[in-house]
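Enquirer: Protein sequence lines correspond, in order, to chains A and B. If you read the first sequence in this note's numbering, its first letter stands for residue 1, the second for the next number, and so on. If you read the second sequence in this note's numbering, its first letter stands for residue 1, the second for the next number, and so on.
None of these hints come from the bench; they were simulated from the model. Here the structure is a predicted model, which is why all the values come from computation and not from measurement. Where a beta carbon is used, it is the ideal one built from N, C-alpha and C, also for glycine.
Computed, partial: chain A to chain B, Cβ under 10 Å:
{"no.": "1", "residue": "7"}
{"no.": "2", "residue": "8"}
{"no.": "3", "residue": "141"}
Sample of chain B residues with no beta-carbon within 10 Å of chain A, all distances over it, derived:
{"no.": "4", "residue": "59"}
{"no.": "5", "residue": "221"}
{"no.": "6", "residue": "249"}
{"no.": "7", "residue": "279"}
{"no.": "8", "residue": "284"}
The residues making up each chain are set out below.
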Amino acid sequence: MASTFVRDAALVAGFDLLESLRTRRALVLVLLYILIAATASGIYVNVVRAIQDTMETAATAAQAGEQLDMLKDEGYRSLLLFVAGGDQTLATHLATYPAMVLIFTWVSLAFLPWFIALTSYDQIAGDLHLRTIRYAALRTTRAAYVAGKLAAQAVIVAGVAALGTLPVIVIGAIYLPGFDLLATIGSLISTLPITLVCALGFLGIVSLASQLCRTPGTARAAAMGLLLLVYVLASQSTIGRSSRCSRRGTGSPACSTPTSPRACSASPPASACASATPRSATCAFAEGTFNNS
Amino acid sequence: MTTPALRLQQVKKRFGNVHALRGVDLVVPRGSVYALIGPNGAGKTTLFGLCCGYLQADAGLVEVLGGTPDPTRLKGKLAALPQDAMLGREMTIREHLVFLARLQGMDSATAERDAARVLALVDLGDLAARRAGALSHGQVKRVGVAQAFLGEPELILLDEPTAGLDPRHAHDLRALIRDQRGQRTIVVSSHNLQELEAICDEAAFIEKGATLESGAVAALTGKDGEIHLLLAPGPEPIAELRARVPADEILWDPAQRTLRVRFQPAPDRVAEDVIAEVLRELLASGARISAVGKGRSLEQRYLEQTN
Chain A
1 MASTFVRDAA LVAGFDLLES LRTRRALVLV LLYILIAATA SGIYVNVVRA
51 IQDTMETAAT AAQAGEQLDM LKDEGYRSLL LFVAGGDQTL ATHLATYPAM
101 VLIFTWVSLA FLPWFIALTS YDQIAGDLHL RTIRYAALRT TRAAYVAGKL
151 AAQAVIVAGV AALGTLPVIV IGAIYLPGFD LLATIGSLIS TLPITLVCAL
201 GFLGIVSLAS QLCRTPGTAR AAAMGLLLLV YVLASQSTIG RSSRCSRRGT
251 GSPACSTPTS PRACSASPPA SACASATPRS ATCAFAEGTF NNS
Chain B
1 MTTPALRLQQ VKKRFGNVHA LRGVDLVVPR GSVYALIGPN GAGKTTLFGL
51 CCGYLQADAG LVEVLGGTPD PTRLKGKLAA LPQDAMLGRE MTIREHLVFL
101 ARLQGMDSAT AERDAARVLA LVDLGDLAAR RAGALSHGQV KRVGVAQAFL
151 GEPELILLDE PTAGLDPRHA HDLRALIRDQ RGQRTIVVSS HNLQELEAIC
201 DEAAFIEKGA TLESGAVAAL TGKDGEIHLL LAPGPEPIAE LRARVPADEI
251 LWDPAQRTLR VRFQPAPDRV AEDVIAEVLR ELLASGARIS AVGKGRSLEQ
301 RYLEQTN
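Bound-form chain B, shown alone:
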């Protein structure tokens, strides 16, 4: 059995009187794209700091790629996009990236090539010779993302990678992260839950320095065992539905006009089959359907967990 890319057990960290982490448990499988979700001050950045070795935990276990977060051991294997880290203003983007690549162990020629490659990944190839001080906030963020992809890191930690990016580059970055699935492990923290839902396989909710819940995104959002429908004003054949469609629970919210159907998924009865059954019954009773979907959004799930 392969060791997880990241394993944290009851990790605690205090800054004076402030308990940044009160006991975080996480297991990030290798090759996955993992979301770290939580409000400001939940401890996500502190968690990244511990994993990168910037900080030391007061208690608990922090295991990165099967060992302690030691830069000598993790050189070239662990990369990170630190939150709000700046670059020296006078050096060009290419010089920064070549320097970091060489520090990672590459020779000069390889470093030059790899710098060009990662700049192309974030659509900054044309600005390679520009001083870092002359870049916009979004461009600096993209350089930060680029340096995280130098070489062949096994684990990449991205702290709010799309914050400050324009929609097109945010979209491109999401695609880049999605493409890495299976090749390397990526842990992403973000406040954009729709974005995380779209790109992540697994997620953990962090609140007040502790893990509330973690697991596969599909399980967290109930995509395999729950469907929802929005009914337009008109007939409300809920009783007929309850009588004819087998389900664990059928919930009707007349104010929101939302219908939720929870069921036990089986190989011969997956969410799409249940959607078909429910639609058939509702349409037969004259109901008008505005929208239909599987599970609930990560955002809804997160709000339920934290309320």
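Isolated chain A (complex conformation):
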């Protein structure tokens, strides 16, 4: 029974994957995602250059090279602390990643759910609407069918998330002086599972909407509605946590938990989804500052 389930799910997944590639739906998703990743990387590069110019002018005036590093470190540290919702441990961990990777991951987690909602909403609802599902429903169980559809979409999302890292590497290597290619690739690889876990969670929500509705239009609306609901709930959680931290101070236990229950929330997703494997803060800031990435 279990082997039949797995075989059927694999067949459905293979067929759906092939169909998604033929309909160019996966291609559209890849292109959109790459466009967003490239835009975010481009904006980052320009901001870094502008800040460097400004700060170097100020530092030259002050004739204090050390002050420049201090300024950079302080600014970045404050930014990460803000992004981490006041969580010092999390901010320290985030600092172990190149800034460009953090921004890319943040952008990924902000946009990927909406891309998924726009491309996967009809995975089941579309088949119900066109009654295509009736051909397969006599030959396999509903569970195997849904599992196969979900697996196909998961493969597409994973592929898209992986391909989206390419613009970061290419733009960084071309436009950022002193870009550490290996460190960036390593960091991208280490953040990819985080992005994937969050993306698959959102895919699950979209799949739920697709199964609850009988027409693609209502499935799309339901998917958007559910995602918005998740975002609102996540925002509420973040706001509540930040206000508690600000009342108690950042050193309180509630504000330094390595992994928080608001994992995969929308704002700020990168901080929320990061797991804590602390390295030294000094090392972190040395690697994570504007200079190399």
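Put chain B on the given structure of chain A with help from the hints.
Expert: For chain B alone, kept in the frame of chain A given last:
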């Protein structure tokens, strides 16, 4: 005694306030070609949905091939042509059929072979590599029929299989269905009663979600116990006929000029014998005969039942 291919007892199904089925009773014998006859909205498609397991009955018994309509149990044994079901536009016909055949349990090579076989059955072998989105309505319908014949299903449910087909392919499909008699059970729903009369052994009239009448087509149409004649203008020797030919009932409709003779069939007196007797008497009296036939059409019978 073998279990029937399909058995329904007092099956009821509601969609909100709409009673789609109010109590359907059916027994479809194995190996027969069975017609499901009824107007639009009678509940035929709902009935198919219940038999395929797409829907759940609110009440009553639905027994398919001796058990519940569970896709795991019926995998490869039950096939259906669902009404108005579409195919994914970008995949080719062959890919669709191979996928469905593999889902049915076949290995890749067998699935390829069987896809080619069923495409040949519906005269689509040349279009195997064509995208489903590029097919005409009739061709999509034929692909739907083809997928129903994948493998060796014991029971096939065909919901309006000839709707949208051109006359030649409709004729070929009727021949295909007729050829399956005795090998597998086929249940066909259609509005074309002449077609059903030609290909089916048994039939059921469904009206407003309930079974009006069911049984052998020959019995429903009275082919064994009734003959009809159409007389051309001229002599009308009805009284002489009533006096000389033994029959249960001789009905004359002067407006339509139709004569109906009902009788009890016996081994030594079948419909052909009665036709001979009646023709002899009428011709001897100078009547002119335009047409003669056995029983009444399924359409007439259906109209009588539903009026």
